[in-house]
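J.: Listed below, chain by chain, are the residues.
Number of protein chains: 2
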Amino acid sequence: MNIADEVREQQQYGLTYAQAGVNIDAGEELVHRIKPVVRKTFNDRVLTDIGGFGGLFDGRFPEMKFPVLVSSTDGVGTKIKIAIEANRHDTVGQDLVNHCVNDILVCGARPLFFLDYFASGKLDVSVGEAVISGFVKACTENNCALIGGETAEMPGMYAGHDYDLAGTIVGVVDRDRMFRRENVSEGDMLIGLPSNGLHTNGYSLARKALFPRYPLSSTPHSLGGETIADALLKVHRSYLGAISHLLEHFNAKEDIHALSHITGGGIVGNTSRVLSERLSLSVNWTAWKRPPIFNLIQEAGMVPEEDMRRAFNLGIGLILIVPSSRANAIESALLGFGEAPVRIGNVVRG
Amino acid sequence: MNIADEVREQQQYGLTYAQAGVNIDAGEELVHRIKPVVRKTFNDRVLTDIGGFGGLFDGRFPEMKFPVLVSSTDGVGTKIKIAIEANRHDTVGQDLVNHCVNDILVCGARPLFFLDYFASGKLDVSVGEAVISGFVKACTENNCALIGGETAEMPGMYAGHDYDLAGTIVGVVDRDRMFRRENVSEGDMLIGLPSNGLHTNGYSLARKALFPRYPLSSTPHSLGGETIADALLKVHRSYLGAISHLLEHFNAKEDIHALSHITGGGIVGNTSRVLSERLSLSVNWTAWKRPPIFNLIQEAGMVPEEDMRRAFNLGIGLILIVPSSRANAIESALLGFGEAPVRIGNVVRG
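For the protein sequence lines, the chains are A and G, in the order given. Convert by adding 674 to the 1-based position in the first sequence; the result is the number in our numbering. Convert by adding 674 to the 1-based position in the second sequence; the result is the number in our numbering.
Just so you know, not all the hints are guaranteed correct.
Just so you know, same-sequence chains aren't split out, so a pair can sit in one copy or run between any two.
When the alpha-carbon atoms are kept at most 30 Å apart in a straight line, the in silico BS3-like pairs for lysine-lysine are as follows [said to hold, decoys possible]: (1) K755 - K796; (2) K908 - K714; (3) K908 - K796; (4) K927 - K755; (5) K811 - K908; (6) K811 - K709; (7) K755 - K811; (8) K963 - K908.
No lab work stands behind these hints: they were computed from the structure. Keep in mind that this is a model prediction, so the values were computed, not measured.
Just chain A, same shape as in the assembly (with noise of 0.2 Å):
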């Protein structure tokens, strides 16, 4: 329809809201679909019901000397295209939490509750029903409340059926339970934890290297029956269970020094992070094998090995940076407790 023909037809009919692409009423049969999968993420620390203005969450903590609140926000990246061109939307809420629970996690945080952004062009009320449910499923495995969201139609903005994901989590630590990067010394063990893939990170070079040849329902013989679309839409994994299993037994002062979350910027851009300006990794790149899914991006896209570091994970989802004295106890109990870990490298100075 031109301009002219619009003009007319909103000078004869008038226009609504429907019609600029507004639909209040798939917004809100979606609120009614996803009220009671939401509520069950809820537990008595939740002072709200879905639909007020706010969240409220109890903010006591009797038990901690000086509770630190510690949130972060992201969101899962280009991870979205490969969502959508796949059509399998609930997964991408679960990469969302538990990428918020690993940054909060190495911080020492747990998580007390979760928020999601959800945006599109036009609502489809099915979509953003699997989308929360996977928000709801990764909250109820991380103990964490889904206390509020915003579904927001924004026509113009998101093309076809795209759309896009934001995620906040808040948790809390007491203060003397953090990890303090000041805690790391020269010889201290990088241990790191086995990623099952992409995580959140890296799609853009994935497609880019991946597409012109594979397409998405492509099974290339090194993923060993797996397709494309399994291998790069593997959930994000939490490390909330290991690293609580291992906080019974050890503590963040002695035993732990660090955790660095292994996201954009790779292994040592990450971790790197925790670190004073004297000091620096040596990283073992041969201490384990990589998913097979990144020598194929590797392979498919002739990526420079610098930059396959600098934009993926390469199977290494969160590195633990630990007094040497105590790397064999923190493996066993890890081990014993279902973890693969490896040991990566080192502190070294300078």
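Following the hints, complete the assembly by docking chain G onto the known chain A.
T.: Below, chain G without anything else, positioned relative to chain A:
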């Protein structure tokens, strides 16, 4: 470049992260530029520095009997399209912060900290800097620390210079001082505080109604010299100052029964959220003069009055529900603070 050419180029030169459309250096440049500015929003309760994995905030509230954390996530809807088209990027961040401030204010909470999400197809450092300067300005005005954020570069998701924003606020209120919807009674007075325009709702309808005839730079007679862009980009007002002033003299139990922030859904849609099922609103729609932009939208798009009321705040940004016996005193206090309160209706049975 077609796919065969792309594959050939990759095989010849290899694909770098920058070629995939992600510029980590631009992200780092943005962080470098905003760091000193963002730090200005910090107070002695902020225990963090920018660049860590999580934002840290003092979680002790010794002055409160039962601290309740109140949180909210939001976006600015398609107001962002106006900002992008007008190439003015320093106001939308203010819109978002103030919107979030009001959302928790209606529970009685004052802001503690804010986190932002800024996503674009290709990161423009100057635009990012302007957007974040808006967050900083409004955070400073509302005594709220800008404690974290995520800058996402998502090639293929956002077209051209498009970007999207989301924000999350966390505040606190003592449970005894929360507004409680159960106090709202038949006969209560609705006192409206003026908005200065659309705030952050109804932009899809406004654009569709106005833009066939009025470009952003046009100055329709009824706007008294303002351009359409000026009128549409007016910053969403924060009511924190006015309500904080009131709460020095009045309390959330006897004097003020509830507040309502007028966002998507309009006066009735939002204010009904604080009413019990046996109550409803009687609004005198002619009790106040609508800002001229609303009449312009209605005339240009021949928008039915019902849709106007559902999509827009129509000039009322916040509503106080007060016992009629307290209405005079509250209006006087608001007038004394420089506000322009208007009685817009009552709570009625049914």
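J.: Against the structure, test the hints numbered earlier, and report the numbers of the ones violated in rising order.
T.: Hint 4 is the one this structure does not satisfy, whereas the remaining hints hold.
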